[in-house]
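Trainee: This is what each chain is made of:
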Amino acid sequence: MSKTEFVSPEGFRIDGRRPSEIRTFRCQVGGVSQNADGSAYVEMGCTKALAYVYGPKEARRGAMKTQCGVLTCEVSLAPFSTADRRKRSRYDRQTVELALTIRQAFESSILLELYQRAQIDMFVHILETDGGHKAAAINACNLALIDAGINIRDSLVACSAGYIDGRPIVDMNQAEINAGGVELLLGVFARTRKVSVIEMDSKITPEVFQETYEACIAACRDLYTAMETAVNDTALRLVHSK
Amino acid sequence: MEVDEQRVPEDEQDKDFPQLLPLVTPGERIGHVSAYRAGAGVYERRGHLYASKVGEKLIEQDDSNQLPVVSVETAGLSGSPSVPFTGATVLAQVTRISPRRVDCIILSVEGRPIRDTSNPYKGIIRLQDVRPFEIDQIDMLECFRPTDIVKAKVVSLGDSRSFHLSTAEQDLGVVFAKSTSGHPLVALKWNEMECSKTKEREPRKVAKPSD
Amino acid sequence: MDVDTEDKRIDTFLRKTRRGKIRKIVREIYLRDDIWCGVFGCPVCDATHNTGVLTFSEDESLLLLDTNVVLHQIDFLMEDACIDNVVILSTVRHRNLQTYARLRSLCKADQQDRYRESVQKIKDRKRDRGHDADAMQVDTKDDSRRFYVFCNEFFSATNVSRKADETVNDRNDRAIRVAAHWYARHPASVQELLGHDASTASKRVLLLTNDARNKARAAAEGLATMTIYEYVDMLKHKFPNAGEKLAQLSREDAEDELRDEDELDEAGVAPSRLETPKEPSKGFFPPHMKESQIRDKIRLKELYQGVLRMNRTTCFEGYVACKGVEGDVRIHGRQDLNRAVDGDVVAVQLIAADDTGEDDKFLDDTQEDEAAEADRMEVEPAAGGQAAALGAERKTGRVVGVIKRGWREYCGSLRPLDDFRKVGSSAMVTTERYFIPADPRIPYIIIKTRHSHQLDNKRIVVAIDSWDRFSRYPRGHWVSILGDTGDKATESAVILKEHGVITRDFSEAVLKCLPPADFQITEEEIARRLDLRNILVCSIDPPGCKDIDDALSVEHLPNGNYRIGVHIADVTHYVKPDTAIDKEAAERCTTVYLVEKRTDMLPGLLTTDLCSLVGGRQRLAFSVLWEMTPKAEVKKTEFHKSVIKSSAALAYAEAQAIIDDPNDKSQLAINLRILLDLARQIRGRRMAKGALELASPEVKFELDSETADPTDVAMYQLRETNKLVEEFMLFANSTVATFILEKFPLYSVLRRHPPPKEDALKALKKLLASNGFTEFKYGSSKELAESLDRAVKGDDAYFNKLVRILTTRCMNQAVYFCTSEVDRQEFFHYGLAADLYTHFTSPIRRYADVLVHRLLAAGLNIEGLPDQLSHKDRISDQCDVINVKHRNAQWAGRASVDLHTYIYFKKKGPSTADSVVVRVRRNGVQVSIPRFGIEGVVLLKEADYTFDEDKQTLSHKSSATTISVFDHLLVSIRADDTDFRNRTVIEMVRKSSPSEILSYEAAEASRQQVEKEMFGNAQGMAEKPAV
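Sequence lines, in order, name chains A, B and C. When we follow full-length UniProt numbering, the leftmost residue of the first sequence carries the number 1, and every step to the right adds one. When we follow full-length UniProt numbering, the leftmost residue of the second sequence carries the number 1, and every step to the right adds one. When we follow full-length UniProt numbering, the leftmost residue of the third sequence carries the number 1, and every step to the right adds one.
Think of the hints as simulated: they come from the structure by calculation, not from any bench. Some hints could be false.
As the list claims (entries may be wrong) - One side only, chain A facing chain C, incomplete, derived with CB under 7 angstroms: (1) Asp-15; (2) Pro-19; (3) Asp-84; (4) Ser-202.
Please read these numbers as outputs of a predicted model, since none were measured by experiment. We put the beta carbon where it would ideally sit given N, CA and C, even for glycine.
Sequences and hints are given; from them, build the entire structure.
Mentor: If you want it as structure tokens, here you go:
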């Protein structure tokens, strides 16, 4: 009993959310950078991520493909993003892995066949992390791509979910992740609900997985609603200001 | 992970994600191939047409008997960057001239500038694409000079290095150039320009200025 | 979006990590509107969400509790009838989650349904309460008291952010006041409903706080507020029994506890508290240092931190194992201990070496009377000075502060009143009484009670509340009554409670996990399993055994080999991970066997029925199947979930009889003989590898025997059939261990037994050498085993047994561990000479086996790996719990044997017997008494003897008598119940003459006789498990 109780009998998590509630989602589509072709800022609770998109532009010599465009991604975790300050090298395993995940996810999202011989670069900066920065990074990239006007099949929405004390909880914060339970990262296409990213390290039973998965999908849907509203608002505002 | 696309019935999609605002967002279904042709910002999957950008849905009927074109006009978000595509009109700057071809870098596509100039798209105008007639008589140096700004059309994506451009139309060719003395040239006729200061004449493949 | 409101609060604070880094923690708290007040009939909340359980009315206050009240008065709150209609605020959880959880357990899930049904009943009860109030027993099962958890921390209307110049405590106090205000205002429409005006409504919300400052502020803000004492006083007329369990809090403690973090902020302190005399000279003990001061000094290595462990027999001397100090730091005497109690985390200051050689002494465990004690304290400094001259290395320290209290609940009795006080005290007057804990390591505790007489001669449970420096003893309050002192059942309950054994009934939630009593195995389940119902399976256990975990089978294969099956009850089929029943079992960890009582790990339906592999019934099992050649070589190993039908549940003797009867040619007899033959071969191989056979009962007992439970030792009669079963169980355990380790190299639960302590063995070797036995080798378990076999002294049959006993003293405990926590080289099981070992064969009574069953099932892809087994930390934590519980269970078993020894001698009266010295100390010797099979300490006067540390001898100063190890002494034995500590006292009469030394056989025979008398028809023993 001495351990932290992650979901109280009254049904609240340590930060006052219910198990199925996501954290406050805020985002800004575009306008973060004047230089980039597309940019976005995403806040999921205390986790904050910036994404810049450059391109499409002429692909680098070596990388160029004639049949479709090339996508690159680079992630950096700000030294001040976590509770203990640590400078991470550019080739830090964690960030390289995340970059790869993001790239692969968006390769299935972007209509790359339209961008033959071109290259699209995505840069993600994690400014602060309180759990779920991978999901925030993916969501930021998605918005930045929309901002850049790049043709995508569908919005890619990502969220994490865990399973603590016999029930799934979504969009975990760092304290909940530190409990060391299951952490499932899911990136799904908002409309088709086709899964593009799935990541999980723990061994769990199929039943637990199913429950966690469904909770996560529902959370992605909530996130998408918020994201779409933001995109529409921004677009409308710009249309009217023109 | 393979998830069957059919898992979500098509009809249900819109129920789950109701359209909140008059704009369309990527992945939103905007029609069927039996009713429309796909234009810019639209892609087709399994007979349906979907938006691939955020913007207003536009339906245009051209003169032909074909189906109307549905496209998504990008709303004023930061981007809509451009990649040269076949048939696009581009502005390019000449960088190098050789007897058989002219190398240039592309500055804008369809009137939209290419912002990132660090790694520009390259184009070449081959001898046979300079003009539609008397190809065997062309002297490259009489058509272009380095630093000239040329209006051209993308004929093909070319080889792995450059797009193939063409100026073989009346309104294509040099639109801006400077004389040997460094002053802007003014178009005189289809193959000649005049220095605005010294009135010296220089040969060029000139684009027919629009009114 | 799901979050109803965009509002959130961001808490930031700095926290120091264990490594000393400072981290800034940012935490967001979401504030919401969907939190309901819990007041019955509230038109805002109750009407929409049916959450009402509380009453908001003219004649009953709504109680809100301050943090300090919850923290210090939890026993009172839990049980006292006057605490009713309570709002539990989530703010109070900040201080102690465990206490909070306890408090919250008072709100029952179906509380409000019940409430609705019994609104009327409550009203009746309230009217009647005045009448039945003189019933002594506080109604602990009073489930009609109303509690409601109000999550004020998450509620936007009661949210409070910490101000810049505000301490955490002040913020929490303010949060509580804000919540109180909210309640006072909130049910505005309720007031309308009831026809009150707002001003009286605010009086109906009562804040209970013991913090003077909070109280003053609340009063200033117009809140109705009282201290808990005032409240109890006020309700005296209604609840005459109220307040019985109120914690006796000292002023100083209240100050310490509540104000430790805001030393600088004294501005608002009520002046009354400052009147407490502060000069150290006035108090009985020196004051403790401030927490911050301690922290700093620990960093500077001026102080050291560690857990205080008292010597087993006294509350005046203990040791602290400190980080950064080599060896233990001894703390001696009441002043130096400075109110620290066994188990506390203390800050220690080293003082000049003060070695009186006390650790070579057996401490007298009677707590002196105050006078005697005063004498002793005066004597002390002299002894210290003398020792300092010796310049010994032993470090001595003094407690300067308690970092964390390790207080638990203690069992014991009240010290009888002096005659004159007895007359003076009448029934309902509050008296102060001394409580004598059963555990001699705990000092007396002063309690206040109005039921002094009812508590006399009872075993009661007491909790310590505080210990200020003006009081010689800690203050506490009683929690519950166990029963009459001296009553066997009560004393057993004491033993269980003192050893942390969970004795509560299985909860409803646990029982709900059980299959129905008429449960039948479904055909589908059978189809999923290997059907072994048509093979001849039998179990061999002690007579009368009801929880049969294991059964054996043999099949003859066409190729001349045998298929041997070990079938273990499939407990995990019924106990699924993370269900209530599983959690309960995980907490209990083991079935505890006392001499006459068994405390089950799982409910009876499983233990003795569904899981028990009784004869003639089909049962689910987890089977290990080997194909073995007649030479006992394993050709193939398989594991299956199976269904079996045991043909016979045999007792050891029955099985032995069948084997021995040459005329019995039945299949069963043939099979048993094959098994026996194979078992012998396997055993032979194991012995050759160097397994230790420490066959004597005591020895097995000490060694945390792998195969038998502690208490069966006394009746352990070695028949071949015992060994047969044991051998196959060991073999099955090893086989499973190998398999799960291969499948889950990081997540397996195994059992290891580290090699014995080198130093101890070296000392033993020296001792044996001085007794003429020089060939003692202990390089490996094999060498040791051989040495033990050779250690025979012609004229003393008891010698060998003693050597074995002494050897086991050097042994380490075998422990469960998670394979990712320990180096691969250390997986070894020394005692069994097994590379890998685990426990698989008794899932009914050991939780480790349940874990291993799940691992095995997961390894076979029968089931997934449950959450509990997929985190190193969780596995390792669980292993720690199991290890502790196992050790406690053993100690409880031992204590139970001691208790029966005591009862035996009490009945029999003082006796004399021959004994053998097993250990020599400065002021006494430890002896083993073969005739009674007991051990004990004989205290000798230190002044009369000279102690030779090298030779381990005591020589009498005036006569020529010398006592050394292995000497025979004639001792007298008697029962002693001073201080209600039931001890068996042994005193030396003289050295035994050779004629008095019993032969080994005679001693054995009489011991068995004594055991029969001692334990009689104790039922716990009859049901003792086999392997």
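Trainee: Each hint: holds or not?
Mentor: Hint-by-hint comparison with the structure:
About 5 angstroms separates the beta-carbon of Asp-15 (chain A) from the nearest beta-carbon of chain C, less than 7 angstroms, and the hint is met. Using the Cβ-Cβ criterion of 7 angstroms, the hint placing Pro-19 (chain A) at the interface with chain C is not satisfied: the shortest such distance is roughly 10 angstroms. At about 6 angstroms, the closest approach between the beta carbon of Asp-84 (chain A) and any beta carbon in chain C falls short of 7 angstroms, and the interface hint on this residue holds. The restraint placing Ser-202 (chain A) at the interface with chain C holds, with a minimum CB-CB distance near 5 angstroms, inside the 7 angstroms limit.
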